[in-house]
Amino acid sequence: MADVNWTALTIFVVLFAFITWLGFAAAKWRAGDLDLLHEWGLGGRRFGTLVTWFLIGGDVYTAYTFIAVPALAFGAGAIAFFAVPYAILIYPILFLVFPRLWHVCHKHHYITAGDFVRGRYGNRWLALAVSVTGIVATMPYIALQLVGLQVVIGAMGVSGPGYANDLPLLIAFVVLAAFTYSSGLRAPASIAIVKDVLIYFTAFVAVVAIPIQMGGFDKIFAAVPPAKVLLAVPGPTTTGSYGVYATLVLGSALALFLYPHSITGILSASSGRAVRRNGALLPSYTFMLGLLALMGFFAIATGVGTDPRFAAGFKQYGNSFAVPALFLHSFPDWFVGIAFAAVGIGALVPAAIMSIAAANLYTRNIHREFINPSPTDKEEAQIAKWVSLIVKFGALLFIIFVPTSYAIQFQLLGGIWIIQTVPSVMLGVYTRWFNDWALLVGWAVGTATGTAMAASVNFAAAYPLAFGGMTFPGYTAFYTVILNLVIAIVLTPVFNAMGGKQNDATVPADYRA
Amino acid sequence: MNGQGEKRTCWNWWYLLLVVQFLFLLCVPSYNRLEPSFIGLPFFYWYQLGWVIVSGVLTAIVYS
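In the order they appear, the protein sequences are chains A and B. Position 201 of the first sequence, counting from 1, maps to 204 under the working numbering, and the rest follow consecutively. Position 64 of the second sequence, counting from 1, maps to 554 under the working numbering, and the rest follow consecutively.
If you're looking for bench data, these hints aren't it; they were derived computationally from the structure. What you are looking at is a predicted structure, and each value in this text was computed from that prediction instead of being measured. A portion of the hints provided could be inaccurate.
Distance windows between CB atoms, simulated [said to hold, decoys possible]:
| no. | chain 1 | residue 1 | chain 2 | residue 2 | range |
| --- | --- | --- | --- | --- | --- |
| 1 | A | 51 | B | 506 | 26 to 32 Å |
| 2 | A | 109 | B | 510 | 47 to 53 Å |
| 3 | B | 510 | A | 434 | 20 to 26 Å |
Even glycine gets a Cβ: it sits at the ideal position worked out from N, Cα and C.
Given only the sequences and the hints, what does the whole structure look like? Please build it.
Listed below in structure tokens is the structure:
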């Protein structure tokens, strides 16, 4: 990769310069007092249906998704398509649960899931558990966004000796940190619009042009090894790949909107109605995700994996190089520039939202709760701004100094951890039946068991649960959240019988329009 | 309060429309096959892509 692709690089840099300007200019968009946390960290809760659509779209469909899902299809085949039913089923969940969360948070000025749990259960330790889970689960996710950025920069032939190799990444991150600090959530909201236009353009051109080049979808699938086209049919004593597929879909779908960056996106909407409408509008992104997943198969069919031109790239980035290699193989340089800029900008949007979300959690549910209970509004916003910087540079250091495989393992663990907040947050929106201490014990057992199970299978997503002579391989997060829920249900009457006052700052009317 | 009560019963029925998607998409063996294919895409792929559109429409129906 000694040759720099100047045409692609120029377009990439120009588009990056444009979104940098946009990120700073965003501070004046629907201007508010950025010294208030809900203005900086939630865009003043002023985003209508359309901006919310872009913002949540930027949250869910990240650069990592664009690189990793096709990479999984390229390497493992049909299992990668689980991303599609997953990204379908998140929306009924969004539609049913999250408008209620929006209403109660709006009413009580909650900014985070931790705020909600604190109010709903009056238990600062449960709120702390939810908040720490959120922060810890988000960190590796931010780091993985950088992997997407790293791959496309490398694919344009930009490299240098030693740590100078990471200089472009460092520059991109300084830019990101600066506009997030100054504009808050308004920056990723405005950049998300540019990102989506670029991504849609890229995905549709690619999905039309490449099959035409290759002579149709049938030719492409004929070139894919049959074992990769469909899921392996399970044997008689196991649910095999079917169980893995279904639990991955359901577990990932339950977890998604509990991530702090998703909740930040939802709470920044101007109404519960805007959230609900997006339940119907956001699936259009899922369709694009499906098209992108197919590109893993395009990459197999074009034979980029054995092309000597791309050998160095695959050696360095593994299967993550499949999509960049496919674009370099199939398209003129100017289009490669646009496509790579789409992926790169697709990394900055969620990274910004994630760092803001983590900062909101720290500020509200750790700093304010345990360190300084009565900051001024300005102090509170200032702490959040600093924390967003620390979080981002932590992720940057992680990606430069720690092997990428660790970030992927941590992200897998993050999914297992965040799903443990389903009973407290998602069910908490509907019912106050659970005892807060029972929820806390359930959370702790679920988290510990999930972590141990993942470690025991060397951080593969699926755990082979054996029961009555059958094996049920499935997504660890899904199994452990069931354990968590069972414990919370069993212990609730026990803890209730032991007495103690049940607090709830909310009333049923708070959850409706 | 009366209006609220009415709204709730009618919502419950519509929610079923959302549950349908879970049943179809979690029943993996029902769609893990090649035929019938559509414009060269194996059934497994176009079926799930088709559900993206159906699900958007179902949610839109429930919304309105």
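Review point. Holds or violated: 47 to 53 Å for the Cβ distance of residue 109 of chain A and residue 510 of chain B?
Key: violated, 30 Å
Practice item. Could you check the hint for me, namely that residue 51 of chain A and residue 506 of chain B are 26 to 32 Å apart, CB to CB? Key: Since residue 51 of chain A and residue 506 of chain B have Cβ atoms about 30 Å apart, the given range 26 to 32 Å holds.
Point to revise | Consistency of beta-carbon spacing, residue 434 of chain A to residue 510 of chain B, with hint 20 to 26 Å | key: holds, 24 Å
Hint compliance for this structure: hint 2 alone is broken.
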